[in-house]
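Participant: Sequence:
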Amino acid sequence: MRAKGVALVATLALMLIIALLVFGTFFRSQIELWVTRNDTTSVQAFYAAEAGLQKYKAVLFQQYVWREQQINRGGGPGCYTSLVTGIDLYRNGNLLTFQNNQIILAQNENVVDANGNPVGQYTVTLIRDAQDGQLFTLVSNGTSSGAKATVQATFRLSNTGYLEQAIFAGSGQANKWLNGGATIRGGIYIVGDPSNPDQYVIESNGNFSLFNSYNLNNYPGIASRVESAYQQVGDLCASVRVQYGKISVGGSTQIGEPSNKVKGVFVGRGSQDITGQNVNVCQNNKGVCTEAMGPFDLSNPPPFPTLDTKLDSDTCSSYPTWRACLQDKATLRIQRLGNQVYVLQPPNTTLDSSCSAALRSGILNLNTSNVDCTFTRLDGTRGGFRYTYSGGQGVLELYGDVTLEGVDVIFNQPTAYRAISGDAKKATLVVLSESGQGGNIDINGNLLPDSSHGLFPNHVLGLIAEKDVYQRGNKTYVMAPVYAGGTFRIEKDGVLFGSVISNQFCTTSAGNRNNCNAGQTAEVVYIRIPYQNRPVLLPSLKGGKPTFQVLSYERR
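Under numbering that gives the first Met the number 0, the residue at position 65 of the sequence shown is numbered 64, and the numbers go up by one with no gaps.
No wet-lab data here; the hints were simulated from the structure.
Do not take every clue at face value.
Said to hold, decoys possible - Derived DSSO-like pairs (lysine-lysine); straight-line CA-CA distance at most 27 Å:
#1 K544 to K54
#2 K309 to K328
#3 K56 to K260
#4 K541 to K54
#5 K328 to K466
Given the structure is predicted, the values throughout are model-derived calculations rather than measurements.
Work out the full structure: start from the sequences and follow the hints.
Facilitator: In structure tokens form, the structure reads like this:
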């Protein structure tokens with residue numbers, strides 16, 4: 000009996016051990032199954048969140064491109080993007096507006112597998128930066144069977160169109176005269192010379208400066224001619240882009256400030272094309288104060304606009320060349336050949352004798368004599384231009400866009416302009432070369448909007464010269480967007496308010512110089528012109544060149 004009892008106890012102990020082993024194996028299998036299931040649902044939740052982020056990243060960029068192509072997309076004085084007002088998600092006119100700087104773009108949208116079975120959901124929120132109108136963050140929250148995951152990314156949406164920069168320069172800028180003591184307030188875009196990417200387009204060991212802000216109260220008599228919202232701007236969304244070429248920052252050069260960095264510096268092949276060392280600021284970044292730095296970042300960059308190529312703008316896209324558009328769209332087109340002056344548009348128009356007399360020599364000298372090149376349209380409205388002088392002040396009135404061919408234009412007196420195109424306060428003065436003659440604009444005194452007629456940038460005169468624009472004189476102020484197919488030259492202490500598009504930008508010392516000199520304290524202050532206020536014949540690209548930069552990505 001005792002042996003049988005021992006055998007029973009042993010058998011029961013063995014069965015208990017076997018049961019424990021079976022239970023342990025089962026329990027471990029269940030834990031592994033639960034872990035696997037949790038991992039699976041966590042991964043599914045992550046991919047659901049990622050699906051939402053990727054979908055609405057594409058939607059956001061497509062929305063931005065579409066909005067930039069619209070005619071009335073508005074604008075603001077500083078770091079502006081057309082999406083700051085809201086998102087027209089379905090492009091049907093119903094705008095989703097920001098509430099506390101947020102918009103919910105998707106609420107519990109399903110993510111399905113290849114068989115169409117739901118495997119998760121996501122909710123996507125768009126967050127607008129309260130201070131920076133180009134900065135947006137997408138936050139996507141994914142769920143799957145109780146598991147949760149969040150991914151988010153921050154983007155900078157910007158437009159690199161011609162009139163979105165303080166200076167847009169062409170291949171001529173490879174002569175590197177953007178240096179010395181010049182101060183630029185706003186962005187710079189330089190095409191450079193594709194045949195010589197090792198040439199410097201900015202090489203400064205002096206006190207060249209590029210800033211991201213301006214205050215017009217620092218310039219006597221200027222703020223009162225500008226709309227109040229544009230008199231002081233703390234963030235211009237300035238950046239530096241160089242397609243071909245290098246920049247050097249040395250001495251006391253400043254590109255951005257530690258407290259107000261430029262948005263990006265994208266030069267040539269990257270950091271190897273940014274040389275030198277600023278001695279004062281941002282030492283860990285080659286003396287460049289910027290949020291981002293790298294190689295030239297546009298895959299389809301805008302070319303420098305030239306008169307004999309097609310310009311894909313809202314006004315000129317149907318013309319084979321920009322020149323043809325300037326000639327055909329002009330309210331008044333006058334051509335000088337030899338000593339003869341012809342009115343080509345409108346046809347069969349006779350102008351005042353003072354007009355022909357002023358143009359016959361090949362130099363339209365706006366000095367102390369009055370010039371009347373106006374006419375009356377069939378509807379009774381006025382067209383053309385008129386210059387009057389009294390008491391040391393000239394007044395230039397333009398009624399629509401004016402194209403002059405075969406002459407140079409010289410402003411020899413301080414001049415106030417009045418630009419009138421129907422109900423809008425904008426116009427363009429175009430000066431073209433004909434048979435090798437003319438095509439230049441010289442400005443020998445202040446050229447500013449007549450504030451009694453309207454304030455800049457709601458009142459704008461655009462200047463287009465086939466060859467050169469020369470802003471002469473000590474401490475001259477010009478307020479206009481300017482195009483020069485050759486060189487825009489500005490003398491010491493002169494300031495251009497608006498923007499410059501020129502094959503080459505250069506500074507020169509005072510005294511009627513035709514060469515470029517470093518060390519001159521000239522300035523360009525970028526004042527953004529809202530799209531609807533821009534003179535229609537200025538070089539522009541339909542929709543501009545929208546860029547979409549991913550600044551950060553985070554998984555939670």
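Participant: Against this structure, judge whether each hint is valid.
Facilitator: Going through the hints against the structure:
Among the hinted pairs, K544 with K54 is consistent with the structure: their alpha-carbon atoms are about 22 Å apart, no more than 27 Å. For the hint linking K309 to K328, the alpha-carbon distance of about 15 Å falls within 27 Å, and the restraint holds. The suggested pairing of K56 with K260 holds, with an alpha-carbon distance near 26 Å, which does not exceed 27 Å. Pair hint K541 plus K54 holds up; C-alpha atoms about 26 Å apart against a cutoff of 27 Å.
Only pairs whose Cα atoms come within 27 Å are accepted, and K328 paired with K466 is accepted, the gap being roughly 20 Å.
The structure agrees with every numbered hint stated previously.
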